[in-house]
Amino acid sequence: MQKHNFGIKIACILLAILTVIAFTTTYKVVSVEKYVGLMEISNESINQYGSSTFYNAFLAQMRYMMAGWGFQNSVLTIFIAIVYYKLFHDEQRQYSIWSSVLATIFAVCFMVGKCYQDAGTISFMINSWKYFFLFIIFFIGVFSFFYCCIEYMYICVKKANCSVTKNNNKLIDLFENRPFIVSTVVMLLSRIAYLLFFWPGIVNWDAMFQLDSFYGIYEWTTHHPPFSTLVMVLFYNIGKFVGGTDNWGVFFYSVFQLSIEIMVVSYSISLLKRWRVPIKARIILLLYFALFTVWGIYSVTMVKDSMYYICLLLWYVLFLKIYYKEKKISIAEILILTSCSIVVILMRKNGVYVIVPTLIIAGVRRIDWRRYMGTAIAIFLCSIFFENMFWPVLGVADNTHRDEFSMLFQQTARYIKEYPDDVTDEERKILEEILVYDKLAERYNPDIADPVKASAGTKVPKLTDKEKTAYLHVWFEQLKRHPIVYIEAFLNGTYRYWYPNAKAYNHSIGQYFHTTDSVVDKGLFEFSFIGEFSDMRTAIYNLSYILYKMPVINLLYCPATYTWVLLLVLYFIMREKKYTFLISAVPICLALLINMISPVNGSLRYMLPIMAMLPILLLFIVFREKE
Numbered sequence: 001m002q003k004h005n006f007g008i009k010i011a012c013i014l015l016a017i018l019t020v021i022a023f024t025t026t027y028k029v030v031s032v033e034k035y036v037g038l039m040e041i042s043n044e045s046i047n048q049y050g051s052s053t054f055y056n057a058f059l060a061q062m063r064y065m066m067a068g069w070g071f072q073n074s075v076l077t078i079f080i081a082i083v084y085y086k087l088f089h090d091e092q093r094q095y096s097i098w099s100s101v102l103a104t105i106f107a108v109c110f111m112v113g114k115c116y117q118d119a120g121t122i123s124f125m126i127n128s129w130k131y132f133f134l135f136i137i138f139f140i141g142v143f144s145f146f147y148c149c150i151e152y153m154y155i156c157v158k159k160a161n162c163s164v165t166k167n168n169n170k171l172i173d174l175f176e177n178r179p180f181i182v183s184t185v186v187m188l189l190s191r192i193a194y195l196l197f198f199w200p201g202i203v204n205w206d207a208m209f210q211l212d213s214f215y216g217i218y219e220w221t222t223h224h225p226p227f228s229t230l231v232m233v234l235f236y237n238i239g240k241f242v243g244g245t246d247n248w249g250v251f252f253y254s255v256f257q258l259s260i261e262i263m264v265v266s267y268s269i270s271l272l273k274r275w276r277v278p279i280k281a282r283i284i285l286l287l288y289f290a291l292f293t294v295w296g297i298y299s300v301t302m303v304k305d306s307m308y309y310i311c312l313l314l315w316y317v318l319f320l321k322i323y324y325k326e327k328k329i330s331i332a333e334i335l336i337l338t339s340c341s342i343v344v345i346l347m348r349k350n351g352v353y354v355i356v357p358t359l360i361i362a363g364v365r366r367i368d369w370r371r372y373m374g375t376a377i378a379i380f381l382c383s384i385f386f387e388n389m390f391w392p393v394l395g396v397a398d399n400t401h402r403d404e405f406s407m408l409f410q411q412t413a414r415y416i417k418e419y420p421d422d423v424t425d426e427e428r429k430i431l432e433e434i435l436v437y438d439k440l441a442e443r444y445n446p447d448i449a450d451p452v453k454a455s456a457g458t459k460v461p462k463l464t465d466k467e468k469t470a471y472l473h474v475w476f477e478q479l480k481r482h483p484i485v486y487i488e489a490f491l492n493g494t495y496r497y498w499y500p501n502a503k504a505y506n507h508s509i510g511q512y513f514h515t516t517d518s519v520v521d522k523g524l525f526e527f528s529f530i531g532e533f534s535d536m537r538t539a540i541y542n543l544s545y546i547l548y549k550m551p552v553i554n555l556l557y558c559p560a561t562y563t564w565v566l567l568l569v570l571y572f573i574m575r576e577k578k579y580t581f582l583i584s585a586v587p588i589c590l591a592l593l594i595n596m597i598s599p600v601n602g603s604l605r606y607m608l609p610i611m612a613m614l615p616i617l618l619l620f621i622v623f624r625e626k627e
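Numbering (the numbering used here), first residue to last: 1 to 627.
Hints listed in this document are in silico derivations from the structure and should not be mistaken for laboratory results. Treat the hints loosely; a few may be bogus.
Unchecked claim - Label-pair restraints from in silico Cβ distances: (1) Asn445 - Leu593: 16 to 24 Å; (2) Lys480 - Thr580: 41 to 49 Å; (3) Phe476 - Gly244: 51 to 59 Å.
Keep in mind that this is a model prediction, so the values were computed, not measured. Ideal placement from N, C-alpha and C gives every residue a C-beta, glycine not left out.
Work out the full structure: start from the sequences and follow the hints.
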């Protein structure tokens, strides 16, 4: 037994060392110049080494990839070795296939994402068996780490106490008895600083463009949701009429948006009490919405995404409330759900791709499936009506093709950049009619599709069906010749959504200033903060940035964190065989998939709906399952 324990200890130490190396290593190919220095050989012999020097080449690559070995890494290795030993030494612990599946997904996401962050490609891992061998070795260490973490998390969730306990604290008792009122007060108090010091509110680039479009500076198109534009203009005009300045227009919109946000969050927390979620969990959720700086700054930011996430959160909790009750859905509930759904899809077109599939799937195993299907059809037809009839009547031009083809345009741009000589004359002619061909390679940015897709708007305001067909034919032909390029373009444009060590792209903590870009700021509007509050605004910004840099808390600012939590929720459902709860995760999964094909890689603004719905799902699954 002692020999067996000694063997386990040695294995855990070696595995911990491998894990730390895998996490701290730079995933990048050694350059020729660096290789020559490490190998201490001449340039002439680089391509002539045989089996006798292969091991030196391999070790040189390892030496290049190894990160600095410091005290913190040694401490981390010891800690991980202890964790491994406690798990593997427990002979009663059973192997879990679901934990292995999720650990594999996490490990692949981490390692592939690190490749793109460090090198911008994974081709060197695929094309060289030497690097692929390293990849497999590191995979063992990363997989072991995530497997242990998943097992410990599962144990903690199973031991979570959902019993209702009495509290002697009057404030907690008040929260228990009046969750909506207390939540409203707490949320309001948490927003006062943002509303006061950032008065009248913050105008985002997109919002400024929407106002410009409505007032004729640019053509009003469906590139941004027309209904969202109308809501902005309505409250902007009311505020300007009351206060007489543009600042008051922005302020009225900020107050409207903030009020809706507070009511929806408070209502969601009230529902969690009905679902028997423990009070401690509800308090944590309230603090998450009240104190997390991203919610605070976006509550006073004029941008379409803020109202969209608020409306979608309301729809989500209403859907959970209706779907998981024992009774059939009533006519009144259908009307409420349909009305809320229409508002969501009008606030952002993406909403229709979240709501309609969810309702269709929800109706599959319900006795009252016709009502769910009917609601889905009604919402879909409503979307078509507004897109093809209502907005054109108001003079809003259709300009959705650039967003629909943004990922495909990115793949084409990367193809042109990497294989400029492998394009036929016919393909080039077709691409030149749609995109600014000569600038594609230069404009290609793997993190954002705007520079490439904007070139489509320069060439043609709207793609015809014939042009779409011709482009798709070119896209498919080039895919057949070099499929790896397309895969790399997709992965390089999405890794921030699933690699947890990647920061959000642009405005990682939110926007703390008015947009002054000359592209949209044409002098038509005058927005300004109160000068006397400059120091307080700077203090709030610095505090947000400190939290953004603080360990553990900084995970809240990372888009991939929410992707991984979603995967953990799905893992819990599958391991516990609570398949009826899968439907509750469908809207969030669909929202994440939409983000994967969005123009921006890892936009925190695009993640707002998922960041709002996911905590509700997590508490609903964990504690509803325990009833």
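Going through the hints against the structure:
| no. | hint | result |
| --- | --- | --- |
| 1 | Asn445 - Leu593: 16 to 24 Å | holds (22 Å) |
| 2 | Lys480 - Thr580: 41 to 49 Å | holds (42 Å) |
| 3 | Phe476 - Gly244: 51 to 59 Å | holds (57 Å) |
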